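Kindly produce the complete structure, drawing on both the sequences and the hints.
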Amino acid sequence: MRFDVSRQPVREAFIKLAENGLIQIRPQRGSYVNKISLSQVRNGCFVRQAIECAVARRAATMITDSHCYQLEQNLNQQRTAIERKQLNDFFQLDDEFHQRLAQIADCQLAWDTIENLKATMDRVRYMSLDHVSPPEMLLRQHLEIFDALEKRDVAAVDIAMTHHLQEISGSVKLISQENRDWFSEE
1 MRFDVSRQPV REAFIKLAEN GLIQIRPQRG SYVNKISLSQ VRNGCFVRQA IECAVARRAA
61 TMITDSHCYQ LEQNLNQQRT AIERKQLNDF FQLDDEFHQR LAQIADCQLA WDTIENLKAT
121 MDRVRYMSLD HVSPPEMLLR QHLEIFDALE KRDVAAVDIA MTHHLQEISG SVKLISQENR
181 DWFSEE
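Using the numbering used here, the final residue of the sequence shown is 186, and nothing's skipped along the way.
Honestly, the hints are just simulated from the structure, not real lab data.
All values reported here derive from a predicted model rather than from experimental measurement.
There's no promise every hint is true.
Per label pair, the in silico range of CB-to-CB distance [to be verified]:
1. K16 with R42: 19 to 29 angstroms
2. L22 with E178: 18 to 28 angstroms
3. D130 with Q77: 33 to 43 angstroms
4. S6 with I159: 44 to 54 angstroms
5. T61 with Q24: 42 to 52 angstroms
6. T61 with A18: 36 to 46 angstroms
Backbone N, C-alpha and C define an ideal beta-carbon position, used for all residues, glycine too.
Written as structure tokens, this is what we have:
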């Protein structure tokens with residue numbers, strides 16, 4: 001199969017995948033998909049939770065009615081994506097929800113840091129969407145976060161965000177047990 005794509009963009013894509021730890025490039029031998037590092041996922045979850053809970057607390061003190069409207073629009077789009085069984089759209093809207101919180105908190109650097117951590121964690125998130133962390137449950141958690149934000153309740157936002165982000169940590173164990181060949185302890 002040929003895709004009529006020049007080598008440079010493909011090379012750049014492979015370099016980016018390697019930088020994110022998703023593949024290993026072996027010159028003159030090929031490129032190989034890396035197993036999912038449980039250590040990297042656990043560390044990523046820890047850092048993400050620390051950053052995003054701080055972002056959510058700050059957002060609760062800075063949120064405006066206009067921000068609430070934007071978040072509500074996102075949540076409605078998430079609901080529509082779930083109803084239409086468009087998991088990729090839901091996944092993107094999930095990220096947009098979290099990114100919007102960083103924007104509300106005026107902490108774009110926080111989101112940029114999370115983006116750099118997410119590649120390995122996203123592999124587990126995709127694997128868990130079907131049964132471990134169904135989109136309906138994630139939407140309910142987003143709604144809890146939104147309700148607390150709308151009330152400007154910093155403590156409730158922190159609790160809701162912590163609960164939401166711990167979902168990833170909880171799903172890692174089950175997913176790794178179900179798919180042992182895809183994971184490494186490193």
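Hints violated by the structure (numbers, ascending): When the structure is compared with the hints, only number 3 turns out to be violated.
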